[in-house]
Amino acid sequence: MGIKLLLEKADVEGIRSYDVYRREGGYRSVEKAFKTMSPDAVTEEVKKSGLRGRGGAGFPAGMKWSFLAKPEGIPRHLVCNADESEPGTFKDRYLMEFIPHLLIEGLIVSSFALGSNATYIYIRGEYAWIVDILEQAIGEAKANGWLGKNILGTGFDCEIYVQRGAGAYICGEETALIESLEGKRGNPRIKPPFPAIKGVWDRPTVVNNVETLAAVVPIINMGGEEYAKIGVGKSTGTKLISACGNINKPGVYEIDMTISVEEFIYSDEYCGGIAKGKRLKACIPGGSSVPILPANLLLKTAKGETRYMNYESLSDGGFATGSMMGSGGFIVLDEDQCVVKNTFTLARFYRHESCGQCSPCREGTGWMEKILKSIETGKGKMSDIDLLWDIQRKIEGNTICPLGDAAAWPVAAAIRHFRDEFEWHVNNPQECLTRNYGLAHYADPIHVPVS
Amino acid sequence: MSEEKKLFKVTIDNITVDVEPGTSILNAARMIGGEVAPPAMCYYSKLKNSGGKCRTCLVEVAAGSTADPRPMPKLVASCRTNVMDGMIVKNITSDRVLDARAGVTEFLLLNHPLDCPICDQAGECHLQDLSYEHGKEGTRFEYQKRTFKKHDLGEYIQLHMTRCILCYRCVFVADQLTEKRVHGVLDRGDHSEIATYIEKALHNDFIGNVIDVCPVGALTDRTFRFKNRVWFTKPVDAHRNCPKCSGEAQLWMRGDEVFRVTARKDEWGEVKDASDGRPGWICNDCRFEKKDIKDWIIEGPTKVNRHSVISQGHYVGVKPQKDLLPEVMGGRGPKLLLDIHKVSEVNRPEIELSKIDGPAHSDDFKNLNK
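Order-wise, the sequence lines are chains A and B. With this note's numbering as the guide, the letters of the first sequence map in order to residues 508 to 958. With this note's numbering as the guide, the letters of the second sequence map in order to residues 1126 to 1495.
Calculated from the structure, these hints are not laboratory results. Where is the CB? At the ideal position from N, CA and C, for every residue including glycine. Just to be clear, a hint being listed does not mean it is correct.
As a list, the in silico PhoX-like pairs of lysine-lysine whose alpha-carbon atoms are at most 25 Å apart [as the list claims (entries may be wrong)]:
1) B:LYS1416 <-> A:LYS888
2) A:LYS877 <-> B:LYS1491
3) A:LYS554 <-> A:LYS577
4) A:LYS888 <-> B:LYS1261
5) B:LYS1480 <-> B:LYS1447
6) B:LYS1199 <-> A:LYS698
7) A:LYS848 <-> B:LYS1270
8) A:LYS691 <-> B:LYS1131
9) B:LYS1415 <-> B:LYS1447
10) B:LYS1134 <-> B:LYS1447
11) B:LYS1419 <-> B:LYS1447
12) A:LYS810 <-> A:LYS848
13) A:LYS705 <-> A:LYS756
14) A:LYS554 <-> A:LYS810
15) B:LYS1447 <-> A:LYS698
16) B:LYS1274 <-> B:LYS1352
17) B:LYS1352 <-> B:LYS1390
18) B:LYS1390 <-> B:LYS1359
19) B:LYS1173 <-> A:LYS705
20) B:LYS1491 <-> B:LYS1467
21) B:LYS1491 <-> B:LYS1480
22) A:LYS705 <-> B:LYS1199
23) A:LYS877 <-> B:LYS1305
24) B:LYS1428 <-> A:LYS886
25) A:LYS705 <-> A:LYS511
26) A:LYS691 <-> A:LYS705
27) A:LYS880 <-> B:LYS1480
28) A:LYS554 <-> A:LYS542
29) B:LYS1274 <-> A:LYS877
30) B:LYS1428 <-> B:LYS1397
31) B:LYS1428 <-> A:LYS698
32) A:LYS691 <-> B:LYS1173
Over 10 Å on every C-beta distance to chain A, these chain B residues come out as not near it, computed from the model [stated by the list, open to error]:
33) GLY1189
34) ASP1240
35) PRO1242
36) VAL1307
37) ARG1313
38) GLY1314
39) SER1317
40) ARG1365
Between the sequences and the hints, there should be enough to build the whole structure, so can you do that?
Dropping the structure here:
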């Protein structure tokens, strides 16, 4: 059994309610932080813990906090990014739905550290029922003196507000989220200035993912140094993985980042193997935006080493032979899945979700979708594959926000690793409508040069 | 004690200029002018927060500053990136930039109709200029373009979304120039569109300026549409006493007839400052209602120095573009690499080619002494 920090109490009956949560040791971190620590000491603990942002980019959270500008007389804000809309990612939903008080507790401690008197949870519009759960939890916390004026006699005031989005993936990007929170159209801002200097209403703002803020609770409870001992290297602590696709046991799992990808997929504790006894073909290990990997590169790196479920190992080999930890949306594809169709589905998603502000993303995503659709329906040409490559190359890095990159990477990786399958679609326009390419050689051991 | 402001030194394409802190790379490049200035489809110096969207002005920053000379990993939007002291920028000397710019041009033209001959904006269209300079001959896009119906926004302005490149300039005009905003963007991605809150509700004294800022033919003047091609009309500077605006405008005339009135524009296609130093936006009255020569006091022909089709008419004071190539190339001007006449062992270099009567023939070079 791996170490569990966030989901340790998830199975306790009635953990959603305040009384049970408190009985199980909830809000200890608030007591500890407010009574024995200064705000800077809390930030210092988070820095020591090596906690990395769980929203996808993996930026060290403590570092982000220390960038926050603290000018005199200007309020600062903490915003919790609960706009979890990445296809394949549903870890925050689980956390907020079943242990809402863990997030509220993390928010209170973080608000204390950052000096945020008004903290916002920006939640995905489709999570309508979770808003009620969170608001009930906030109400209970307030009734028990964890929120409001002069919390625990420290003189620190804090309120938490829940704001619903209106169903746009782009509002998960922090500056678009801020625009939307201000009541404007959710277009990403042009950076600099970064939110740490000018965020919500031009005030210094920190935007963190739900899981990041919830992880502050165990960090304060056990101390940053203890937390950093879990995991390996720069991948400290535990990570929630939402596993889905062709596996026996889809769901949200907490891992301590020391297990191998193979173990995660095949062990009964986690995914329980590929469904219906089929074989593994490919996997998108970190949510739809990260590069897809064929089975052989997923289980072993290009150097022939075992690939582990952590930030460094998953990105080993760069984009040429690696992928990314991303937001932890682990999507498994078995031998009967079509990579072309999968890529088309993702391209359609990004086309629909592009905000339309900058031209490469607005026009490029639509173009890629159209080409992928024609390849998928047997109308593609061989030159379309190279054209796709050229389009993604011209989108990547040239856009305002990372959505352009997120749209380009899956297409690039699919062509890089599964070019045979694209070519088969072009060469067999009739056959590709009735059957899939199959596993082919994608699970064959890769040739490792002897060095 | 007044301290002298420290100027920043910035090198763009091997040409160094001193600019005030807080200047964007684009504006610094415009000080140099010519080809060194990146094209801009969405940035508009008179509109706050504009820019950063079209990505045509991407440049490469080869060195961030003297203090931190690391290059920036990504290409940056020059209109929204400020210069630092000692910054080294590559625009037309960077292959990466030219490649990205060609890509952006292709993207902008994907959903834009390629029917310039029947478009009212032809001749003064920034996208037309951009595609001449950075576009490719053919298109690789083999699908249907998005199309919209034409909309009349009130009696003066027509919106044809099919031509729109979503630069947001008109949205900023509606936001910053008019009192009540009735103009914005609906929907998102490639299906987003410029729209009014309630169609046909653009009643505002300054809303006509959306036509001037539109880089393409998406917003056009209904009082001028298809009355004439712009290059047949003569631009003339004129003014009148206007209680609402500066009254300083540009008339587009043919004979004694005033076909169109617009604000005066500078060489970057942006509205010039009026004589009182404020941006020379003009009001709807001047723009749409005063089409009689008697309403105006003519100052003289406009000095056009844009390089677009308009300047192909023989206007007064057209400034030829400065040739910056020798400077950009660092003194290594383009030169003839090989003079075949001199190095050839067949031709005799002592024979001056221009002295040969008629076309040169092998007989002319025969060594008769041999």
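Each hint tested on the structure:
Distance hint between B:LYS1416 and A:LYS888 is unfulfilled; the C-alpha atoms sit about 55 Å from each other, more than 25 Å. A hinted pair counts as satisfied when its Cα atoms are at most 25 Å apart, and A:LYS877 with B:LYS1491 does not qualify at roughly 65 Å. Between the alpha carbons of A:LYS554 and A:LYS577 the distance comes to roughly 18 Å, so the proposed pair stays at or under 25 Å and holds. For the proposed pair A:LYS888 and B:LYS1261, the alpha carbon gap of about 21 Å is at most 25 Å, so the pair holds.
Between B:LYS1480 and B:LYS1447, the direct Cα distance comes to roughly 35 Å. Violation of the 25 Å bound is thereby established for this hinted pair. This hinted pair checks out: B:LYS1199 and A:LYS698 have alpha carbons roughly 13 Å apart, not beyond 25 Å. Distance hint between A:LYS848 and B:LYS1270 is fulfilled; the C-alpha atoms sit about 23 Å from each other, no more than 25 Å. Pair hint A:LYS691 plus B:LYS1131 does not hold up; C-alpha atoms about 38 Å apart against a cutoff of 25 Å.
At roughly 37 Å between alpha-carbon atoms, B:LYS1415 and B:LYS1447 are farther apart than 25 Å, so this suggested pair is violated. Distance check on the hinted pair: B:LYS1134 and B:LYS1447 sit about 22 Å apart at the alpha-carbon level, within 25 Å; holds. Note on B:LYS1419 and B:LYS1447: the hinted pairing is violated, with a Cα-Cα distance of about 38 Å set against a maximum of 25 Å. Distance check on the hinted pair: A:LYS810 and A:LYS848 sit about 30 Å apart at the alpha-carbon level, beyond 25 Å; violated.
The straight-line distance between the Cα atoms of A:LYS705 and A:LYS756 is roughly 44 Å, outside the 25 Å bound, and the hint therefore fails. Taking the CA atoms of A:LYS554 and A:LYS810, the gap is near 32 Å; set against the 25 Å cutoff, the hint is violated. As the CA atoms of B:LYS1447 and A:LYS698 are separated by approximately 34 Å, the hinted pair breaks the 25 Å bound. Only pairs whose Cα atoms come within 25 Å are accepted, and B:LYS1274 paired with B:LYS1352 is accepted, the gap being roughly 21 Å.
At roughly 21 Å between alpha-carbon atoms, B:LYS1352 and B:LYS1390 fall within 25 Å of each other, so this suggested pair holds. Only pairs whose Cα atoms come within 25 Å are accepted, and B:LYS1390 paired with B:LYS1359 is accepted, the gap being roughly 14 Å. Between the alpha carbons of B:LYS1173 and A:LYS705 the distance comes to roughly 17 Å, so the proposed pair stays at or under 25 Å and holds. Taken as a hint, the B:LYS1491 and B:LYS1467 pair is honoured in the structure, with Cα atoms around 16 Å apart against an allowance of 25 Å.
Among the hinted pairs, B:LYS1491 with B:LYS1480 is consistent with the structure: their alpha-carbon atoms are about 16 Å apart, no more than 25 Å. Between A:LYS705 and B:LYS1199, the direct Cα distance comes to roughly 22 Å. Compliance with the 25 Å bound is thereby established for this hinted pair. Simply put, A:LYS877 and B:LYS1305 have alpha-carbon atoms about 39 Å apart, too far for the 25 Å limit, and the pair is violated. For the proposed pair B:LYS1428 and A:LYS886, the alpha carbon gap of about 54 Å is over 25 Å, so the pair is violated.
For the hint linking A:LYS705 to A:LYS511, the alpha-carbon distance of about 36 Å lies beyond 25 Å, and the restraint is violated. Restraint check for A:LYS691 and A:LYS705: the C-alpha separation of about 16 Å stays at or below 25 Å, so the hint holds. Pair hint A:LYS880 plus B:LYS1480 does not hold up; C-alpha atoms about 66 Å apart against a cutoff of 25 Å. Annotation: proposed proximity of A:LYS554 to A:LYS542 holds, straight-line Cα distance about 20 Å (limit 25 Å).
As the CA atoms of B:LYS1274 and A:LYS877 are separated by approximately 23 Å, the hinted pair is consistent with the 25 Å bound. The hinted pair formed by B:LYS1428 and B:LYS1397 meets the criterion: a straight-line CA distance of about 12 Å does not exceed 25 Å. With a C-alpha separation of about 38 Å, the suggested pair B:LYS1428 and A:LYS698 falls outside the 25 Å cut-off, and the hint is violated. Straight-line distance between C-alpha atoms of A:LYS691 and B:LYS1173 comes to about 17 Å, which keeps the hinted pair within the 25 Å bound.
Distance to chain A confirms B:GLY1189 as a non-interface residue, since its nearest Cβ pair spans about 13 Å, more than 10 Å. B:ASP1240, annotated as away from the interface, keeps every beta carbon of chain A farther than 10 Å; the closest lies near 18 Å. Every CB of chain A lies more than 10 Å from the CB of B:PRO1242, the least distance being 23 Å, so the non-interface label holds. Against the 10 Å criterion, B:VAL1307 stays outside the reach of chain A, whose nearest CB is about 15 Å from its own CB.
The non-interface label for B:ARG1313 is inconsistent with chain A: the shortest C-beta to C-beta separation is roughly 5 Å, within 10 Å. The claim that B:GLY1314 is not at the interface with chain A is violated, since a C-beta of that chain comes within 10 Å of its own (minimum 4 Å). A beta-carbon of chain A is positioned within 10 Å of the beta-carbon of B:SER1317; the least distance is around 4 Å. Here B:ARG1365 stays apart from chain A, with its beta-carbon at least about 38 Å from theirs, past the 10 Å limit.
Hint compliance for this structure: hints 1, 2, 5, 8, 9, 11, 12, 13, 14, 15, 23, 24, 25, 27, 31, 37, 38 and 39 are broken, all remaining hints hold.
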